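Enquirer: Same order as they appear, the protein sequences are chains A and B.
Under our numbering, the residue at position 128 of the first sequence is numbered 113, and the numbers go up by one with no gaps.
Under our numbering, the residue at position 113 of the second sequence is numbered 1250, and the numbers go up by one with no gaps.
Just so you know, the hints here were simulated from the structure itself, not pulled from any lab data.
Calculated lysine to aspartate or glutamate pairs in the EDC-like style (CA-CA distance at most 16 Å, straight line):
#1 A:295 with B:1163
#2 A:295 with A:274
#3 A:115 with B:1227
#4 A:115 with A:164
#5 A:115 with A:161
If you want a taste of the chain A side facing chain B, the calculated C-beta under 8 Å gives, among others:
#6 64
#7 74
#8 183
#9 217
#10 221
#11 284
#12 285
#13 292
From the structure, some residues in chain A lie toward chain B, with a derived Cβ separation under 8 Å:
#14 68
#15 69
#16 71
#17 81
#18 163
#19 186
#20 187
#21 190
#22 191
#23 251
#24 288
Keep in mind it's a predicted model, so treat the numbers as computed, not measured.
All C-beta atoms in this analysis are idealised placements derived from N, C-alpha and C, irrespective of residue type, glycine included.
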Amino acid sequence: MTVPGLVRAVLLCGAALAVAGCASHGPVLEPIVAAGHPERVELEATPFFPQEQYQCGPAALATVLAAAAVEVTAESLVPEVYLPGRQGSLQPELVATTRRHERVPYILPPTVDALLATLDGGLPVLVLQKLGAGPFPGWHYAVVIGYDAARDQIVLRSGTERRREMPARQFLASWDRADRWALAILQPGVLPPAADFTRYMEAAAGLEAVGRRDTAALAYEAAVRQWPTEALPQLALGNLAYARGDLAAAERGFRAAARLDPRDAAARNNRAEVLRQLGCVTLARREIEAARALAAGGPLAAAVEATAGKLAAPSDRDAAGCPAD
Amino acid sequence: MKNRFVVYMLCLAMLNVGSPLVAQAELVTTLQAVEASARTQDLAAVNAALAREEVRAQFALLGVEPTQVESRVAALTDSELRTLAGQMAEMPAGADALAVIGIVFLVLLILEAVGVIDVFKKFP
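Using the sequences provided together with the hints, build the complete structure.
Expert: In structure tokens form, the structure reads like this:
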């Protein structure tokens, strides 16, 4: 390929991008709002922390944390989320910092519908944008605080602007290029509007995984109320009970989970282990065999085999008071 | 005897405080259960302990205050640690990523021009 050919290639690439960027017309928000959202929402009470250079991460995170009743400022978050060598903040660190402040970091499904629903429910949303030009070329965090369907505008707290309106199409393009990453901060025990079960449980389990067990417990209890037929919140409460050494409560949690979803290998594995520790070997063996069949070839197979190994040795008779099934 | 017991218990307690992430070896954790059912299946490709070491080292290298490194690492889950360990230099951050992409593009162009690679062949 010759050098003039290269120049042409570059120009063609640029032209293709430009065309893709403005290929479609018409309003973005109106058709989505018509499916059941208010015409216009603006969370005016959302606090504002203007950003210093490169520090949109701390500023945007302070905005949503403060809206969730955490006492922080953009400045106080700098040592927690700012990465000097990258002149910015990374998504996992915004999530982790939320945990350190005992809040639930809920990552929204990547749809405009979920974004609007969260705003309708009164929660501002931290978004990652990839802006091509303007005062912040490159990656940028901002907080969506509202929208106006009639004017097809998104309202943001962004950078040094307390109230920035952005045409919805332009916002969507910048959000698309950041894989539509969006974070809402929940107070423990509060569910997000239009909650997605798996995403919510992932957020709550993250708290448990880093040792924030009390906050995780509140989040799981809210999940049990919202999704009484799901097994996972019961498994989670069982795990918390186990972590504080309450084997009987743990067994109840795992049993409830296994009843709700008989195909839940994790619940059966955990119940088998707790039953073993309680001296109920017969039932433990039955549970671990069921878990084995369910987990075969899957990501939990190794954990199940480890439990099965401990139950393989011949052992004494069952302790008194073991459950029948 | 009693004192020694107290000391042992304290040691155990401190070990535990220092590493809230040490897995309960025998149970499937809630996060494992969610992730097993969710989209992410990149689990255990990288050892979590190694990932933690690498993230710690990169944090220090990228200018995180030494007093903050430990608490920042402690708030990340295993899968986040794995993600960061592999991509901390390329992940979206602040205002400099465009420059990174620019540099990558420039390098590709130079390699193409000197004939090392040939990726732009679709264009005449």
